[in-house]
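Chemist: Take the sequences, apply the hints, and build the full model.
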Amino acid sequence: MFSEAIHCRDTQTVRFAIYPDGFDGPRIIARISDDALHRIFGARRDDANLAAACQAHFDRIEAKALERHHAAPLSAVWLRAVDFRVEAEAELSVI
Numbered sequence: 003m004f005s006e007a008i009h010c011r012d013t014q015t016v017r018f019a020i021y022p023d024g025f026d027g028p029r030i031i032a033r034i035s036d037d038a039l040h041r042i043f044g045a046r047r048d049d050a051n052l053a054a055a056c057q058a059h060f061d062r063i064e065a066k067a068l069e070r071h072h073a074a075p076l077s078a079v080w081l082r083a084v085d086f087r088v089e090a091e092a093e094l095s096v097i
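Going by our numbering, the sequence shown opens with residue 3, and the numbers climb by one from there.
Bear in mind the hints are in silico, worked out from the structure with no lab data behind them. Virtual Cβ for every residue (Gly too), placed ideally from N, Cα, C. A hint or two may mislead.
[Stated by the list, open to error] With beta-carbon atoms standing in for the labels, derived distance ranges:
hint : residue 1 : residue 2 : range
1    : A83       : A50       : 19 to 27 Å
2    : D48       : R82       : 13 to 21 Å
3    : D48       : L76       : 16 to 24 Å
4    : G44       : C10       : 30 to 38 Å
5    : Q57       : A83       : 25 to 33 Å
6    : I8        : R62       : 13 to 21 Å
7    : L68       : I8        : 25 to 33 Å
8    : A78       : R11       : 30 to 38 Å
9    : E6        : A74       : 15 to 23 Å
10   : A73       : R46       : 12 to 20 Å
11   : G24       : D49       : 28 to 36 Å
12   : A74       : D48       : 26 to 34 Å
[Claimed, not checked] Straight line, CA to CA, 20 Å or less: simulated DMTMM-like cross-link-like pairs of lysine to aspartate or glutamate:
hint : residue 1 : residue 2
13   : K66       : D12
14   : K66       : E6
15   : K66       : D37
16   : K66       : D48
Modeler: Next up, the structure:
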């Protein structure tokens, strides 16, 4: 899926769109921190690489953003590295 990712230097995040009800429903703008993209997904810290990492890992990022949106639909969706570390720790405990 296409993430519509745009790097925002001023907030040190990548903005992307999610569609909780499919493309016919509302478009929600979410953010993921540069730190999460660098530490969790290995992106270099420049505009192109941060946006590309969001696109490359969009299935996982979108799933976490949708989960966050459904839990608190009136709150901003802003993902951080810790959001993905909890997921990674859960995966390791199963192994």
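Chemist: Which of the numbered hints above does this structure break?
Modeler: Of the numbered hints, 3, 4, 5, 7, 8, 10, 13 and 16 do not hold.
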